[in-house]
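Peer 1: Between the sequences and the hints, there should be enough to build the whole structure, so can you do that?
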Amino acid sequence: MSTPAATSGLPWLTPSVPFIPDYEGFWRRVAAMPRVMETARRVRVGTTPREVTYREDKLLVLRYESEAEKRYRTPLLVVFALVNRPYILDLLPHKSVVRQFLNRGFDVFLVDWGVPSEGDKHLSVEDYIERYLHNVVRHVCDLTGVERISLLGYCMGGTMSAMYAALHQELIRNLILLAAPIDFSPRESLLSVWADERYFDVDKVLDVFGNAPPQWLQSSFLMLKPVSNLIEKYLNFYEKMEDEKFLEEFFAMETWINDNIPVAGETFRQFVKYCFQQNLLVAGKFPVGGQKVNLAHITCPVLNLMATNDHLVPCGQSLPFNDLVGSTDRQAILFDAGHIGMSVGSKAQKELWPKACDWLAVRSEKLPAAEEWAEPEQRGRRGARPGGRGLIQDEV
Amino acid sequence: MAGNDRERTPDPFTQFWGEMVSRMSGVGLPAAPPADPGPAMKQMQRVFLEALAKYCDEFMRSPQFLEAMKQNMENAMTFRRQVDQFLTQALHGAQAPARGDVEELVALVRNVEERVLARVEELNRKLEAATASLRPPGGKAPGARRAVSRPGARRKPVAGGRSKRK
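Protein chains in written order, with our numbering: chain H, 1 to 396; chain Z, 1001 to 1166.
One thing to keep in mind: the hints can contain errors.
[Unchecked claim] Computed Cβ-Cβ distance ranges for the label pairs, DEER-style:
(1) V1120/Z x E197/H: 23 to 29 Å
(2) M1069/Z x E239/H: 42 to 48 Å
(3) A361/H x M1069/Z: 42 to 48 Å
(4) Q215/H x G1038/Z: 54 to 60 Å
[Unchecked claim] Part of the chain Z face toward chain H, derived, beta carbon under 8 Å:
(5) F1013
(6) W1017
(7) C1056
(8) T1088
(9) V1106
(10) L1108
In case anyone wonders, no lab produced these hints; they're calculated from the structure. Backbone N, C-alpha and C fix where the C-beta goes; we use that ideal spot for every residue, glycine too.
Peer 2: Given below as structure tokens:
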């Protein structure tokens, strides 16, 4: 039988090369459309049971519930960034950082900053750290009957957590940073380039818009990887739209990606000016209220988690943190993932978070096995608390 | 509870849609997923997209793009100011409050809040100093868990929702 290659004299033109559209696959995907729409409709995010234990203005503190036995007395407070909703840390049951810690027996709290309105444009970094976060930490301490908690900050929440730990070290037992920008001098990230004061007058922008508009923030984040976010994502969707698990994860992520919130104007102004443009944090000059944040005041055990493929917060922005703190027990883990993949990626769920849980377990106060979960007033102090190991472990 | 409801009973529309598509695509549709178009095509696509991504990244770092972005932002702000101005005039003409009026009010309230909270903080400090002077030497006041020694330390929120701040 003659082949097109033999008759046309074109050796690369073989019957296996699909110059005609893949009709079978196309019609299969068309047939799958109702299931795609149904999955999009029924996907639910942030479904781990929780209760609201504290409210202040628009802020909520969520305490997660679990059937797993509580093993550790030291609670974990998770702090996310101000630019997106925090349920990325509890996106789906099998992609949940919160559940990882819950299943290991930790008492997990999460700060939901809420959605700033026009009236919140005056909220500054001091309001978020010295007022809101400080009140939340004190609330968690009071509720759980401990004097110090563990703090986990993600992205901008990590920067704020680091600042808080530097200002209130006496309340922090352990600090975990996840893809948190600290040193803004490297210009790997496009955000650092775009925030250059020669091209971006943050004062003018906020004088007109008040808060940082969510649509503008979302566009900026999408444009950091335009090909990936605007082309590859949809090609990948087309390829895999018959896979129900893929669809569920895709729509869960899309829910979060499109759920942007504004950032309070004054806070945005301070972050852009003091971090991106002047890089005051590493210099120990970032002003919070009447004080300057000095990261060397952090002496608690520190775990710095960084993503090697992070286009938003390159490793170069997070790595210097371990050299700036005064802790003797500090560890850094570079993980092969992207910025969001660190929390929702399958590989991170399987490999990174069990390690983080192990790290925290060793440094948290354990509950006696026979103890009932009593009210704080009914629990007395139990002698010397296990202290830090004084290790210097740098896994880089 | 709203959650992962995995029950899927095919509804009439889904059944109809599946049957319609099956008929339209012709008989003999294989049950297996379509064959891979070939690693060569995939490779070409990947290389093309990688090159495009690299080009986009370089372009978005260029001074030309940054200037264009700056100009774009200026235009957006100018447009926004014009819209605000127009709406303010229209609302004022209708004896209604405009955005600027609300912002002024918010600023006033915040100023009052800051002054009140600063005053409350000061009173708190005086009260603590007075309480400390009444304590026996080396003792703790009953119920106290932490001595507040840092100036400007925060308190729990007062009744009504707004907390004190420095």
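Peer 1: Now tell me if each hint is right for this structure.
Peer 2: Taking the hints in turn, this is what the structure says about them:
Judged by the Cβ atoms, the range 23 to 29 Å given for V1120/Z and E197/H is violated: they are separated by roughly 38 Å. The hint said 42 to 48 Å for the Cβ distance between M1069/Z and E239/H, and at roughly 33 Å that hint is violated. Taking the beta carbon of each, A361/H and M1069/Z are about 47 Å apart, inside 42 to 48 Å as hinted. The hint said 54 to 60 Å for the Cβ distance between Q215/H and G1038/Z, and at roughly 40 Å that hint is violated.
Proximity of F1013/Z to chain H holds as hinted, the smallest CB-CB distance being about 7 Å (cut-off 8 Å). The beta carbon of W1017/Z comes within 5 Å of a beta carbon in chain H, closer than 8 Å, and the hint placing it at the interface holds. With a least beta-carbon distance of about 5 Å to chain H, the hint placing C1056/Z at the interface is held under the 8 Å criterion. With 8 Å as the threshold, the beta carbon of T1088/Z stays out of range of chain H, its nearest partner Cβ sitting at about 13 Å, so the hint is violated.
Look at V1106/Z: its Cβ gets to within about 5 Å of chain H, closer than 8 Å, so that hint holds up. About 11 Å separates the beta-carbon of L1108/Z from the nearest beta-carbon of chain H, more than 8 Å, and the hint is not met.
Comparing the model with each numbered hint stated earlier shows that hints 1, 2, 4, 8, 10 do not hold.
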